[in-house]
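Given the structure of chain A, go ahead and fit chain B onto it with the hints provided.
2 protein chains.
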Amino acid sequence: MPMLDAFSPLAPQESEPLYRQLYNRVRAAIAAGTLGPGDRVPSARALAKEQGVARGTVELAYALLVSEGYLLARGQAGTVVNPELQPMAPSAAPRPAALQPAEQMQDSLWRPAQLLPFQMGVPALDEFPRKTWARLGARYLRGMGTADLDYPPPHGLPALRSAIASYLQVARGIDCGAHQVFVTTGWGSSLQFVAHALLQPGERAWVEDPGYPPARQTLRKFGLTPVPVPVDEDGLDVARGIALAGDARLAVVTPAHQSPLSMTLSLPRRQALLDWAAAADSWVVEDDYDGEYRYVSRPLPALASLDRHGRVLYTGTFSKVLFPGIRLAYLVVPQALVATFERVGRMLFAATTPAMTQAIVADFMTEGHFARHIQRMRRLYGERRALTAAALARGLNGCAQVAPAPGGMHLLLRLPGQATDLALAERLLAQGMAGQPLSSWWASPRRDSGLLVSFTNCATASQAERFGALVRQSL
Amino acid sequence: MPMLDAFSPLAPQESEPLYRQLYNRVRAAIAAGTLGPGDRVPSARALAKEQGVARGTVELAYALLVSEGYLLARGQAGTVVNPELQPMAPSAAPRPAALQPAEQMQDSLWRPAQLLPFQMGVPALDEFPRKTWARLGARYLRGMGTADLDYPPPHGLPALRSAIASYLQVARGIDCGAHQVFVTTGWGSSLQFVAHALLQPGERAWVEDPGYPPARQTLRKFGLTPVPVPVDEDGLDVARGIALAGDARLAVVTPAHQSPLSMTLSLPRRQALLDWAAAADSWVVEDDYDGEYRYVSRPLPALASLDRHGRVLYTGTFSKVLFPGIRLAYLVVPQALVATFERVGRMLFAATTPAMTQAIVADFMTEGHFARHIQRMRRLYGERRALTAAALARGLNGCAQVAPAPGGMHLLLRLPGQATDLALAERLLAQGMAGQPLSSWWASPRRDSGLLVSFTNCATASQAERFGALVRQSL
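Here the protein sequences line up with chains A and B, keeping their order.
Under numbering that gives the first Met the number 0, the first residue of the first sequence is numbered 0, with each subsequent residue one higher.
Under numbering that gives the first Met the number 0, the first residue of the second sequence is numbered 0, with each subsequent residue one higher.
So here's chain A without its partners, still in its complex pose (with noise of 0.2 Å):
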C-alpha cells in the first residue's frame, strides 16, 4: 500500500480540517500516480490508527473521495482507486483539479452550457408546438381549483397515466393498465425505482457495452454492480452476458436502437433475454427513450409487448418526444409487480412531478396533439436525417464513414485508431458544435474512436458540412 508510506502525519493545528488534508492527499496521490486505477487504499481503521486520527475523519475522507469518483467503495473488498480514471501521462504534475473518472472528464461535452447544433438526445426544439402548448397550459391555470393544489396522487394524475396507457397499446403494442404505470421525473429517477423496488445492494446487473454511461453511474451509485456485456449487429450478446454473470438481477436494454450504436435487438436475442429473465428470476428495464423513431419500417413492437412472464420494467420518457424541459417520464410494471411498486413508490418516489405538467401533457395526448406532433416528427427527422448524413459526408469527403442506421436521433461516424475522438469532440466545441466522442460510452478498455451526430434539434447543412471537413482535417 504505497500511499501509506508516502504520508507524513497529519497536522492537527492547519486551519483545514483533517479529513479535508488526508481528501487532498488521497487526491495528490492519485495524480501523482502513487495509486493507481484499481490499487487498493489501506482500511479506515488502519489509516485512522497509522496516522492517530478519528476513524470517523478517515471515513469521511474516504466518503469524499468515493462521491465524487475518485475511489470506489467495494464492501468487504475494501476500497480502490476507480479503475476508470483515465490513465494519466506519468508527466502530468500533481494538479488534483485535472482528475476525473472517465465519465465525469467531458462534461461540457455531455451538455454544453447552451444548445449547441448536433447535441445528443435534444429533440426539435423549433418545431415544439408552442402555441398549442401555451393554449393548454393556460386554459389548466384558469381553472385550477384547490383540489389542483394539493399533492398529486403518489403515482401520477389518473388522465395522465390513463392517457400514458393508451398510447403504450396503440404505438408500442403494449398491453397495459393504467396502474401499471408510474409517473417519474425522468429515466433516472425510473431507475432508481426499479432498483429500489426489486434489488438490493451488492447484486449486478448487466449494461451494454457500449452503452448509455449515467445508467452504470446510477446502478454503482445505488451500490449495484454493472456488469458490461457486448453488443453486437443484433444487439445485447444475451450469452456472453449469461456467460459472464447469468445470476445477474437486471439488464438495462435499448431494445428499439441500441444506445448509441443503433443496431435493433433481433427476435431470437429479445426471446433469449426473457427466457433467461424468467429462469434466472431476474428483470428487464427496456429503456425505449426513442423508440417511436423509425425512418425506414415501421417502429418495432417494444419488448415487453413479447414478455409473458411478467419480467419487463419498460421505461419511457417525454424528454424526446415532447421537450426536456418537461422533466416528466414513466415505468410500466407488471402486474405482479404493481403492488409492490405502489408500495415502495409512496415512500420515495411519490409525487415528485407537479400536477400541472401532468395535467397539461394529459390533455395534449387526450385531444390528439400528442400523436399528431411524433408523426411529425418522424417526418421531419427522417428529412434532417438524410440531409445531415449527405452534408457531413460531403464534408468527410470519403475519410471517414457515417453508419446508416433504421432510426434513432444520432448518426454515428466512426473514425480510426482508438480514442482519437476526445481531442476531436474537444475541437469541434471549440467550433461551437456539439459530437459526442463514442470512445467515452464504452465501459470496457475497447473503447473504438467515433462521433455521435445528433440530427433532430436545427442544424443547417452547411453546419454538418463544416462538421465533416472539421473530422477530415483533424484526421
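Just so you know, these hints were derived from the structure itself, not from any lab.
The C-beta atom is built at its ideal place from N, Cα and C for all residues, glycine as well.
Each hint should be verified, as a subset may be incorrect.
[Unchecked claim] Result set (SDA-like, lysine to any residue): computed pairs, CA atoms no more than 25 Å apart in a straight line:
1. K220(A) - D125(A)
2. K130(B) - L135(A)
3. K220(A) - E341(A)
4. K130(B) - Y150(A)
5. K130(A) - G144(B)
6. K130(B) - H195(A)
7. K130(A) - D149(B)
8. K130(B) - G144(A)
9. K48(B) - Q75(A)
10. K48(B) - Q199(A)
11. K220(B) - V337(A)
12. K48(A) - D246(B)
13. K220(B) - K48(A)
14. K220(B) - H195(A)
15. K220(A) - N23(A)
16. K48(A) - Q199(B)
17. K130(B) - Q75(A)
18. K220(B) - E341(A)
19. K220(B) - A338(A)
20. K130(A) - P333(B)
21. K48(B) - G35(B)
22. K220(A) - P333(B)
23. K220(A) - R44(A)
24. K220(B) - R44(B)
[What the hints assert, rightly or not] Restraint ranges, calculated between C-beta atoms of paired labels, are given here:
25. L305(A) - A242(B): 56 to 66 Å
26. A45(A) - R239(B): 30 to 40 Å
27. P405(B) - T131(A): 47 to 57 Å
28. P229(B) - G367(A): 54 to 64 Å
29. G201(A) - L305(B): 38 to 48 Å
30. P82(B) - A338(A): 21 to 31 Å
31. P111(B) - E232(A): 47 to 57 Å
32. Q113(B) - Q75(A): 43 to 53 Å
33. Q430(A) - A338(B): 27 to 37 Å
34. R378(A) - Q75(B): 55 to 65 Å
35. R342(B) - P405(A): 32 to 42 Å
Relative to the frame of chain A, chain B by itself:
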C-alpha cells in the same frame, strides 16, 4: 431459526413461482408469530440449500419482503424481521394482508384519498392567490422560447436560486449565495441528496423521537441506520444523542418547531448540536418546513444562521408556503460543500423539476407576491389557530388538553393512556375528519398518545367542536 423447521418443501409444480411461495410462507410465519419482530431469518444460502432451490429465488423473496417492510437487511448482521412491525394479537389469524410495519400501517391516516379538514401539512389552499399564479403562468407560457424547452440548468434556474437565497437572507437570517442553493422535487429528495453526497451505507443518523416517520424510512432505504434521540422541552437532547451515537454522521432536526411536538430548539442546544457536528466531522440537516409560521413572537433565525463551521445543510420546501402540488423544494449547502454537491447532483439529482414551475416561482418571489402571501398566511393562521383551539376546547369540555405551541401548522391534543390515538384517528376518519395519531411518530416504544390537528387549511369552528366532542365521547 423456527421458520426453517416450519417449512415443508416448496412445490415446483404449483402455478405460483417458487419465490412467491416462499414470500407467502415468510409472511404467514410472521403473521402466525412463528417469526417475531427482530428475529433473524436464515441466510439465503442456507435456505436455498435446505429447500433445494436457487439462491436467487430466496434472495428475490427476501428482497420483496424487505421492500415491503416485513424484513430488514442488516448486511453482515443478516436479515431480520422488521423490529418495528406492530405486535400482533396472539389470537390474530395469519392473514398477511393485515400485516404492515407501524409506519405503513395507516396509509389513509397519512394521506387520505381526498383532502379532509384538519389534515396535516396542508396550507390554506382556499387562500392561495390562484389568479396571480395563473397570470404569471400564462405570461411564462406565452413568452416561452426554444431555450426554455431545453433541460433546465442541473441545479435549478439561476433566477430561482437567487430569489431563494435573497429570501433566506431576509426571512431566515441565512447568509448564502445562489450557488449554494440546489433545487429539488421535495424534502425527501433533499434528504436523499445529502445522504448520497455525504454518507455511506451503514452509517448512523440521529433522528428526533418522536419525529417525522418518513425521515427514518428514507434513511433506512439508503442503508443508513436512524438512531432515535429523545426530545424534551428544549428540543433534541444533544447530550443523549452523543451518549447514544456520538459517532453518527448526521443529525436530522426541526429546530423552528419540533415536528410534531412544536417546541423550539433552545439556543444552548443549538450551540451544542453545532459543536458536536464540528467535533465529530458530522452533518446537520435542518428541516425548516414551517419556520415562517410563528404566532407569539418573530420567527427565530434558522439554525443555519449560527453555523460557523459549515456543518448545516438547510432544507426548505414550497409545499407549505405555496401549495403541495407544486413539488418544489431546495437544499442550501455550506460553501465548502458546493463543489461536492454540484458533482453528485449532476448525476442523480439534476434537473428534476420542470423549468416552467421554477420560472413561475422565481417571478412570484421577485415580484413580491411571495413575501406578501407569507405575511397574509401568518396572520390568517394565527386566527385559524386560535379559532380551532377554542372550538376544540369547547368540544372536549375539559376531558383533554390542547397543548399550546408558539408556531407551526398544527395543534397537539394529548390523550391519556397508550396508543388509544390510533383507534380514535380511525373513528375520526370515518366521520370525514383527519387527526393524525401521535403514537405513530415515535420510533421508541414510548408511543405517547395524542392527535395532531392541523388548523391551516379551511375547517369551520363547528367542525373543530365536533372533533373535540368526538374525542370526548371516545375517552
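Notebook entry, point to check: CB of R342(B) to CB of P405(A), is that within 32 to 42 Å?
Noted result: Given a distance of about 37 Å, which is inside 32 to 42 Å, the answer is holds.
* To do: Given the hint of 55 to 65 Å, check if R378(A) and Q75(B) actually sit that far apart at their C-beta atoms.
  => This hint holds: roughly 58 Å between Cβ atoms.
Does the structure keep K48(B) and Q75(A) at a Cα separation of 25 Å or less? Measuring from Cα to Cα gives roughly 24 Å; hence the hint holds.
Notebook entry, point to check: Taken at face value, is the distance from the CA of L135(A) to the CA of K130(B) at most 25 Å?
Noted result: Distance of about 16 Å is within 25 Å: holds.
Against the range 54 to 64 Å, how does the distance between the Cβ atoms of P229(B) and G367(A) compare: consistent or not? Between P229(B) and G367(A), where Cβ atoms are some 59 Å apart, the hint holds.
Discussion item. With the threshold set at 25 Å, check whether the alpha-carbon distance from K220(A) to P333(B) stays at or below it.
Written reply: holds (23 Å)
Holds or violated: are the alpha carbons of K220(B) and H195(A) at most 25 Å from each other? Holds, at about 8 Å.
Verdict for A45(A), R239(B) (Cβ pair) under range 30 to 40 Å: holds (32 Å)
- Message: Next pair to validate is K48(A) with Q199(B); report whether the Cα-Cα distance is within 25 Å.
- Response: Given that 25 Å is the threshold and the Cα spacing comes to 20 Å, the pair holds.
Just to be careful, I want the Cα atoms of K130(A) and P333(B) compared with a cutoff of 25 Å; is the pair within it? violated (42 Å)
* **Pairwise hint evaluation, G144(A) against K130(B), where the allowed Cα distance is 25 Å at most** => holds (11 Å)
Just to be sure I understand the hint, the distance between the Cβ atoms of Q430(A) and A338(B) should be within 27 to 37 Å; is that true here?
With Cβ atoms ~29 Å apart, the hint holds.
Checked against the numbered hints listed earlier, the structure breaks hints 1, 6, 13, 17 and 20; every other hint is satisfied.
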